Amino acid sequence: MGWTKPDALEWGGNIVSIGTHMRPNLEIILSLHPDLVLQMGTAKHSILPIKHLKKYNIPVAVFNPHNFKELFHTILRIGKLVGKKQLAHQLVKQYQQKLKNLNTDKIPFTKRPTIFFEVRYPNLLSVGQGSIVSEIIYWAGGRNILKSSKKLLRISEEKLLSLNPQVYIIQKGPMNKKPISLHKRPLFKKIKAVLTNHILIVKEKNFSRPGPRSIEAVLFLHHYLKQQHLIP
1 MGWTKPDALE WGGNIVSIGT HMRPNLEIIL SLHPDLVLQM GTAKHSILPI KHLKKYNIPV
61 AVFNPHNFKE LFHTILRIGK LVGKKQLAHQ LVKQYQQKLK NLNTDKIPFT KRPTIFFEVR
121 YPNLLSVGQG SIVSEIIYWA GGRNILKSSK KLLRISEEKL LSLNPQVYII QKGPMNKKPI
181 SLHKRPLFKK IKAVLTNHIL IVKEKNFSRP GPRSIEAVLF LHHYLKQQHL IP
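By full-length UniProt numbering, the letter at position 67 of the sequence shown is numbered 67, and the numbering carries on one by one without gaps.
The set of hints was computed from the structure by calculation and includes no laboratory data.
Fair warning: this is a prediction, and the values are worked out from it, not measured in the lab.
Any given hint might turn out to be false.
[Stated by the list, open to error] The following label-pair restraints were derived from C-beta to C-beta distances:
(1) Lys189 x Ile50: 21 to 27 angstroms
(2) Leu153 x Lys203: 34 to 40 angstroms
(3) Lys111 x Lys184: 30 to 36 angstroms
[Stated by the list, open to error] In silico DSSO-like cross-links for lysine-lysine, where the CA-CA straight-line distance does not exceed 27 angstroms:
(4) Lys150 x Lys84
(5) Lys178 x Lys98
(6) Lys159 x Lys190
(7) Lys93 x Lys203
(8) Lys55 x Lys69
(9) Lys189 x Lys147
(10) Lys190 x Lys44
(11) Lys203 x Lys159
(12) Lys80 x Lys106
(13) Lys203 x Lys184
(14) Lys84 x Lys147
(15) Lys106 x Lys192
(16) Lys84 x Lys106
(17) Lys106 x Lys44
(18) Lys111 x Lys80
(19) Lys159 x Lys192
(20) Lys111 x Lys178
(21) Lys106 x Lys151
(22) Lys54 x Lys111
Beta carbons are placed, not taken as given, at the ideal position from N, Cα and C, and that holds for glycine.
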């Protein structure tokens, strides 16, 4: 079995690192003689290695979920591909029940705290409605303050000030390795989230990488919003 570097390091054991998702090592992948390769994402840097693998007649399944409906469909597809169809159905039912138990779909739009999600800074990058992060925010009980249908979008600091979110989430990971404190960013001090100290640092792998961890991200954020009395 081979995984990309971050996952291989996390799980350890006999799992072989095949490089990063940006630069997978084709030689290592081929040396493992895989029966199936699973690829998450359809960016150019992700698809290029896939074309090479197909030349060696290695089956490749590509998935690119942007919301929970697509994520659950992906899990069912993978379950079918690896001969674990029943287990996949059980997992999806468990995940769906966890979301349903939160009852957050009943929270009115006007009662949801506005949330801004920082993907990267400087050159501030955030998420639109096309990102799994927006789904996580919704099911947790909040609402993404950005209405754009895009997955990722750049935002000026002036625009952020005018939006004035109630909660500011900063992801920490490969795309945002050493987040700068909001209190050290002059313009940010005026934002409602900073004034009320509703600032949350989260793991990039849990929030921005669609998978079972996305459910954990919902539960984590929901607990925070409840704890801060931002949702009923």
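Going through the hints against the structure:
1. Restraint check, Lys189 to Ile50: a C-beta distance of roughly 46 angstroms breaks the suggested window 21 to 27 angstroms.
2. Between Leu153 and Lys203 the C-beta distance comes to about 22 angstroms, which lies outside the given range of 34 to 40 angstroms.
3. Against the hinted window of 30 to 36 angstroms, the Cβ-Cβ separation of Lys111 and Lys184 comes to about 32 angstroms, which satisfies the hint.
4. Taken as a hint, the Lys150 and Lys84 pair is broken in the structure, with Cα atoms around 34 angstroms apart against an allowance of 27 angstroms.
5. The suggested pairing of Lys178 with Lys98 is violated, with an alpha-carbon distance near 32 angstroms, which exceeds 27 angstroms.
6. Taking the CA atoms of Lys159 and Lys190, the gap is about 13 angstroms. The hint holds against a cut of 27 angstroms.
7. For the hint pairing Lys93 with Lys203, the CA-to-CA distance comes to about 25 angstroms; that is within 27 angstroms, so the pair holds.
8. Pair hint Lys55 plus Lys69 does not hold up; C-alpha atoms about 32 angstroms apart against a cutoff of 27 angstroms.
9. Between Lys189 and Lys147 the CA atoms are separated by roughly 23 angstroms; this keeps the pair inside 27 angstroms, and the hint holds.
10. The suggested pairing of Lys190 with Lys44 is violated, with an alpha-carbon distance near 39 angstroms, which exceeds 27 angstroms.
11. Proximity of Lys203 to Lys159 is assessed by CA-CA distance (about 25 angstroms); at most 27 angstroms being required, the pair is judged to hold.
12. Taken as a hint, the Lys80 and Lys106 pair is broken in the structure, with Cα atoms around 33 angstroms apart against an allowance of 27 angstroms.
13. At most 27 angstroms may separate the alpha-carbon atoms for a hinted pair to count; Lys203 and Lys184 meet this at roughly 21 angstroms.
14. In summary, the hint linking Lys84 to Lys147 is not supported, as the alpha carbons are separated by about 38 angstroms, beyond the 27 angstroms threshold.
15. Between Lys106 and Lys192 the alpha-carbon distance is near 25 angstroms, which keeps this suggested pair within the 27 angstroms criterion.
16. Straight-line distance between C-alpha atoms of Lys84 and Lys106 comes to about 34 angstroms, which puts the hinted pair past the 27 angstroms bound.
17. Restraint check: the Cα-Cα separation between Lys106 and Lys44 comes to about 39 angstroms, which exceeds 27 angstroms; the hinted pair is violated.
18. With a C-alpha separation of about 40 angstroms, the suggested pairing of Lys111 with Lys80 is violated against the 27 angstroms cut-off.
19. Proximity of Lys159 to Lys192 is assessed by CA-CA distance (about 14 angstroms); at most 27 angstroms being required, the pair is judged to hold.
20. With a C-alpha separation of about 33 angstroms, the suggested pair Lys111 and Lys178 falls outside the 27 angstroms cut-off, and the hint is violated.
21. About 25 angstroms separates the Cα atoms of Lys106 and Lys151, which keeps this hinted pair within 27 angstroms; it holds.
22. Between Lys54 and Lys111 the CA atoms are separated by roughly 50 angstroms; this puts the pair beyond 27 angstroms, and the hint is violated.
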